[in-house]
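Engineer: Letter by letter, the chains look like this.
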Amino acid sequence: MNITEKILARASGRQQVVPDDVIFANVDKVMIHDVSGPGVIKVFDKLKKQGINVDKLWDPTKVWVAEDHFVPSADKVSAENIVKLSNFTKNYGIEKHFKYGMGQYGICHTLSHEEALVLPGEVYVGGDSHTNTTGALGSFACGLGHTDVAYVLLNGKIWFKVPETLYFKLNGKLPEHVMAKDFILTIIGDISTEGGAYKTMQFGGSGIDEMSVESRLTLCNMTTEAGAKNGIVEPDQKVVDYLTSRGATNISLVHGDDNAEYQKIYEYEGSEIEPVVAKPFSPENISIVREAPSVELDKSYIGSCTGAKYEDLEAVAKILKGRKVKIRTEILPASISIYKRAMENGLLKIFLDAGVTVGPPTCGACCGAHMGVLAKDEICISTTNRNFPGRMGHVDSQTYLSSPLVAAASAVTGKITDPRDLN
Amino acid sequence: MKGNVIKYERDNIDTDVIIPGQYLKVHDYAELALHAMEGLDPDFHSKVKEGDFILSGRNFGCGSSREHAPIALSHSGIKAVLALSFARIFYRNAVDGAFLLPIEIEEDAYSNISEGDEIDIDIRSNEIKNLTKNKTYKMKPFSEIIGKIIEAGGLFKYKPD
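Sequence lines, in order, name chains H and U.
In terms of our numbering, the first sequence opens at residue 1 and continues consecutively.
In terms of our numbering, the second sequence opens at residue 424 and continues consecutively.
Bound-form chain U, shown alone (with noise of 0.2 Å):
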């Protein structure tokens, strides 16, 4: 899985910048997708291009429990974000809705990925190749249920063992 970054170099981007709480009733995918990252980064849906990556910190997506979060991202392109951690109830939507992958990766990718490398993430091998560097960084195993889930496309598909 090929793509540019996107990156904000720092931690605790919750879900209430990620999607502002104003648009909690909306619910058609697409316009969420023309509000995501609004409180942080009003510029993102202008740039940000189908696959595409964000690159983080520490506790992403904490806050809101709001589903909308990794929607907006997702339909506005991004196919997984990278992050040092997950706050855990935007992991476990983006993985049980198939929206998107929450990938954790070390303080080496964290630091050494710049905004606009090419990368590619390979999930088997665990590997993350930035291709603009020319370098290889690990990302953190799936555990086994989330794995699953995954290779399923999301927890409607996943059957429990």
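Bound-form chain H, shown alone (with noise of 0.2 Å):
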């Protein structure tokens, strides 16, 4: 078996699962925000006109809250959507909810591995796409809808076909300016949106055992855009520093078998990896930099659980060092421990130097929400994870998706640019 369906393996109490089985795993960890969290508990409404009991929840000590889509409080529903998760964390007795305002708090993702959440081996899900983000971690991280959220809120399971696994091996590392978002990037042009649908993308090869732990979350986060039930790598001696660093214990590492089987093997150089973008509108509409049509942009966006990690905003700093913004850019760390460490370090100097807005914590603009969306005609480079029509603004708005150096990179010249073109 291979990671993954060792894991769904152990969650379902057998001795072995192959692809298609359906089970119903036990659910190690699981999260809402300020989203799901209130779609949650309109599930709960329903279920208790139904008489269905929901007094209490399997395990309050394995559900942590987080705060990131519309907060600061955008507006007055936004603001009454997080009384009613207060009250609901108060309510159930879950003690892990990440307030804004109070200490630590952020994207939901980047709280997964800020905060050493989920351990490797666990099974994760959470009630946002992008929970595949935790896999990096080599747990089983999946994203699910309120209703199944609610579900697992109450029984601690879920059912869950055993996907069939994808295998991406990167041979070598990836060359300077080249960054782990230009591979998934290249990755999703490749085989498309629909590519790794219902599947496990799997992350290997020396390239990957090179790479950070914050640049495989980046991997595993966006598998979510190639329609993937959730990415994976198996975890490392970096990981286990990585968690242990972060307050973690008793972790302990599961691994795929040596004979482990996959439907398909996508084997890529490291050094043969440039610098891409997404153009509009779809994450797989890919081009080379160099070869990018020339726009001229009126923002860059460096945001998001996908492109405000701290190993994102050191690229962004190295960009930014003595040099002026062109066009509007804003730099949002994805948590307050990441903000803080940027500040310790001189980075929030240099941004603000450079005439950046550094905004708070959020997932703001990223999903339209706030905080920086985009207006009619507006044409923004982004380190989100999707451009859609509408997806950050007016639905006649662009996006194009880019590493953190990319958009840094263009923030500076005010068109899209190579970071290995830059005076």
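Where hints are given, some of them may not hold.
[Said to hold, decoys possible] The calculated BS3-like cross-link candidates involving lysine-lysine, where the alpha carbons are at most 27 Å apart (straight line), are:
hint, chain 1, residue 1, chain 2, residue 2
1, H, K46, U, K571
2, H, K56, U, K502
3, U, K582, H, K161
4, H, K161, U, K502
5, H, K157, U, K470
6, U, K571, H, K376
7, H, K161, U, K470
8, U, K563, H, K264
9, H, K62, U, K582
Hints listed in this document are in silico derivations from the structure and should not be mistaken for laboratory results.
Could you use the hints to bring the two separately framed chains together as a complex?
Structural biologist: Below you can see the structure in the form of structure tokens.
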């Protein structure tokens, strides 16, 4: 069995599973946020009317709650949702509720790793499609809707069809100025936004071994854009060190067998990967940056679970140090812990000196919610993960998805720019 | 199950166009219905009728996991979406929440059924009859678990064996 199959076999109390088996998996961790939380509350209300008991959760210690999409509260409705969420966690005895304005908070997927909330080998589900992110820690991490999350909160388990696995092998390191984001966008361009549908996308090879945990998180995050059920990387000492330094204990690693089976293996040479962008209006619409259209950008947006981890901000700072931005540029660190490190290490000063607006952690304009949404005909380069019509604001705005390095270089020139071509 | 078809002849209709991100904070089902398909078809709300079906191409419902998407369609009156394929979270949400039926169709049904056609879907015989054009197409049968959850009326009513 491969690593995903092993985790799902253990979680469903079976010796072995094979693709297409339907299982009920016991869940180790579950996450809701300020969009899926109120959605779950609505499901609970419906269930109550049907006479189903919703008085107690299966295990409130395994649940954690983020405030990320519409915070700091964007308007009255979002403020009401935050109140609802706070009442919910209080009533059900959920202690891990990361509230804005009260210390550590941030984007749910970022907290999953920054706070070591999920461990290797665990089954983790969340009320958000980019829950896949956390598979980079060697866990089975999968996004679900409100009804499914409500079911998990009450029953501690959920059904899955065991997925086929696509294996993406990266031979050798990515070149300087090429980031994990370029690699995953290249893959999505090759296999399409449906290429991983219902499947596992696993990453391995010497290039992945060399990669930081944060870069692997970027890869797994965007398996969602290929339609995958989960993304995963076999955990190694780097993962153990990363989680241990964030307070995790009792880490035990699950690995695939030597004779593990994969439906298909894709091989990439690290040295051949180039900086790329995904042009409007799909993450599969890939162009090498040096061949990208010469458009006048209005904005550069550096934020989100995909593109505002500490490593991402460090990359941006390398470009912006001693330079000025030519277009509106926003940087929103993905959590308070990242924000603080960026302050302590002088990154915020570099950003502010360059003319950037630095905002609080939030999903913000990534999902068109607030804090920098796009006007009609505005064109944005963004470190986020989706560029569907209207994703970041007006339905006639345009978003180019890129790595943090490309978004920063483009902020400096006002055009889509390969970081290697900056003076 | 009889109804008329609203056709979107394209692939990858994502949940951001089914219900744009600005409405994610809304959890009132009737209000969500007012904004269904707003990102693609601002006239949807005025033309949709109770019992209608949507017909579309590949990868319907891709993107965000927002359950608002099947909720907005279902509370607009849509009873089923017929598509060449579905993205996984939309599919699960539609079935587990018992909002609407996701029906996988073949190329013949996709190309032959037109906007406004009246069709009759029979999930027992896995057949779709086009009453307007007097033709019959096959639909892909539901997998065992999906069939059972649909029959039960959603995940919470389903009793695993």
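Engineer: Which numbered hints are broken by the structure, listed smallest first?
Structural biologist: 2, 5, 6, 7
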